[in-house]
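Residue-level listing of the chains:
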Amino acid sequence: MLCVCVCGCAAAGYTVFEPIAVFSDDILFSAKISGGRADYVYKRMKDAISEIDNEISLSKADSALSRFNNAAQNERIEVGEHAFNLFKLSCEYYELTDGAFNCAALPLSRLWRVDSASLACLNGESDAADLPSPERVNETTAYCDPNTVTAECVDGRYYLTKTNGNTELDFGGIAKGYAVDECVDILNEYDVSSALIDISGNAYFYGSYIDSGVSSDWGVGVLSPRPRNGPSLSRGYVVALSLGGDVSAVTSGDYMRYRTVETSDGKIYVPHIMRANGVPLGVEYDGNNWKNSDDWVISATVIGNSSALSDALSTAMCALGIDKGGELLKKVGYKGLIFTEKKYTIIGEVSLYRPDIYDGYRRYDYYEL
Amino acid sequence: MNFERIKRVKSSKAFTVPDAIVSVIMVIAVIACALFVYRLPSADVIISVRGEKDIRLSLDSETDIELKHLTVHIHGGQVWVTDADCADKTCENIGKISGTWQRIVCLPNGVVISVTGDDDSLQWEIGR
Numbered sequence: 001m002l003c004v005c006v007c008g009c010a011a012a013g014y015t016v017f018e019p020i021a022v023f024s025d026d027i028l029f030s031a032k033i034s035g036g037r038a039d040y041v042y043k044r045m046k047d048a049i050s051e052i053d054n055e056i057s058l059s060k061a062d063s064a065l066s067r068f069n070n071a072a073q074n075e076r077i078e079v080g081e082h083a084f085n086l087f088k089l090s091c092e093y094y095e096l097t098d099g100a101f102n103c104a105a106l107p108l109s110r111l112w113r114v115d116s117a118s119l120a121c122l123n124g125e126s127d128a129a130d131l132p133s134p135e136r137v138n139e140t141t142a143y144c145d146p147n148t149v150t151a152e153c154v155d156g157r158y159y160l161t162k163t164n165g166n167t168e169l170d171f172g173g174i175a176k177g178y179a180v181d182e183c184v185d186i187l188n189e190y191d192v193s194s195a196l197i198d199i200s201g202n203a204y205f206y207g208s209y210i211d212s213g214v215s216s217d218w219g220v221g222v223l224s225p226r227p228r229n230g231p232s233l234s235r236g237y238v239v240a241l242s243l244g245g246d247v248s249a250v251t252s253g254d255y256m257r258y259r260t261v262e263t264s265d266g267k268i269y270v271p272h273i274m275r276a277n278g279v280p281l282g283v284e285y286d287g288n289n290w291k292n293s294d295d296w297v298i299s300a301t302v303i304g305n306s307s308a309l310s311d312a313l314s315t316a317m318c319a320l321g322i323d324k325g326g327e328l329l330k331k332v333g334y335k336g337l338i339f340t341e342k343k344y345t346i347i348g349e350v351s352l353y354r355p356d357i358y359d360g361y362r363r364y365d366y367y368e369l
Numbered sequence: 001m002n003f004e005r006i007k008r009v010k011s012s013k014a015f016t017v018p019d020a021i022v023s024v025i026m027v028i029a030v031i032a033c034a035l036f037v038y039r040l041p042s043a044d045v046i047i048s049v050r051g052e053k054d055i056r057l058s059l060d061s062e063t064d065i066e067l068k069h070l071t072v073h074i075h076g077g078q079v080w081v082t083d084a085d086c087a088d089k090t091c092e093n094i095g096k097i098s099g100t101w102q103r104i105v106c107l108p109n110g111v112v113i114s115v116t117g118d119d120d121s122l123q124w125e126i127g128r
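Line by line, the protein sequences give chains A and B. Okay, so the first sequence: first residue is 1 according to the numbering used here, each after it adds one. Okay, so the second sequence: first residue is 1 according to the numbering used here, each after it adds one.
Just chain A, with the same shape it has in the complex (with noise of 0.2 Å):
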């Protein structure tokens, strides 16, 4: 699929870059540009994402951020301006999504070993680990909160403090969207008329898509989220997006990081998304076990001219709810999709292509919001 994108969009005129791991192996940055000089942007996007993972990585000891992580209660750490800007947004939409999006819940994400290093481990087995109890749970969501965290700017240089010892951050939800802003940043200091950006499915539609001098809408096709452990090529497309130009796309649901467990009551899929309560999506405790829920999000598709925000809204939108999370979209103002088990909604007015073909999301209930 990707060859023949690739060779389609070079027929179109655009100069394609083939996709390169950055912020870990399994995260791809692709980018196709027109116009302007593309050689020069493409190597200037690379090193502002380079920039950032040097400041977020937890996978590098010396990073900014795993400095912090390591860093004893009342210690200041000096950290970079993209991790302060991270740390500052991510709490801006903490705020906004009533902390849906929570960028100090990596010691939740570790007491349900769906954080990376975990489900690296795992390697997509079943895991027969215990599952943490609710009393568990709750203790560490008492302290899985950004706003233990102080932010400060002095004389130019940048600082985050953590007032509880146990507090950790983790970037990774709005990372992506992030490095795509910067990237779009860039974009715009050239003479680009139409470019893509993309890193790991955080997509930026630049100008509308060229071909042969003509300029059109994007066709984006978004992936199914069924079946969850299926190649994407097989899982084929729910639904397809017609995309006029400078706005992202961001799709987040269930089946991207996910463990399964092997309980006395049988296997349950323990996604990595967190809700508020500090319980993973689709995951509930039914007084003696920790069950699957009867219907969650599966997936949900924001678009909108900020990729971060996007990216930190379709997490929200797992976590919160087709109902919430639908509220809260409308009330951002941005367009998406949200798909549960058994129903799908749409938040705004968005353009489907080809609906005769890409008709995935005909298996699903029409919900009205």
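It is worth saying that the hints were derived from the structure and are not from the lab. A couple of the hints might just be wrong.
Here are the computed distance ranges between Cβ atoms for each label pair [claimed, not checked]:
#, chain 1, residue 1, chain 2, residue 2, range
1, A, Ser212, B, Val30, 22 to 32 Å
2, A, Gly244, B, Ser12, 54 to 64 Å
3, A, Asp294, B, Ala87, 24 to 34 Å
4, A, Asn305, B, Gly76, 18 to 28 Å
5, B, Gly110, A, Val154, 54 to 64 Å
6, A, Glu262, B, Gly76, 34 to 44 Å
7, A, Asn138, B, Thr82, 45 to 55 Å
We put the CB at the ideal spot given by N, CA and C, even for glycine.
Let chain A serve as the given structure and place chain B on it in line with the hints.
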């Protein structure tokens, strides 16, 4: 001026059998051209075996694929499975599929069969 000829033409029928034949041929030609230019994009069948190998075939391919544990049939724009060696036969019971949202899943043998649209007409995909 040949007034006789003008008179004959004026008195003849406005729409004759040859005219009708030419009109029908022209209408058929226009419809054929329209179908050629605006033909619906073809759909593909994706057969995934244990998430490792994807086989992609046209939904119009009129073929039978014998896999190790089952046989996939693609005929008349439909796909179905027979000869599954699993116990539950769920994949066979799903019957024939043809829509882009439909799929046949054989969990015991790790086979997923789905129908996709003309993906190549899209410029990008999200949700990976």
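Status of each hint after checking the structure:
1. Ser212/A with Val30/B: 22 to 32 Å: holds (26 Å)
2. Gly244/A with Ser12/B: 54 to 64 Å: holds (58 Å)
3. Asp294/A with Ala87/B: 24 to 34 Å: holds (28 Å)
4. Asn305/A with Gly76/B: 18 to 28 Å: Violated: the Cβ-Cβ distance is about 47 Å, outside 18 to 28 Å.
5. Gly110/B with Val154/A: 54 to 64 Å: holds (58 Å)
6. Glu262/A with Gly76/B: 34 to 44 Å: holds (43 Å)
7. Asn138/A with Thr82/B: 45 to 55 Å: The hint (45 to 55 Å, Cβ to Cβ) holds, given that Asn138/A and Thr82/B are roughly 53 Å apart.
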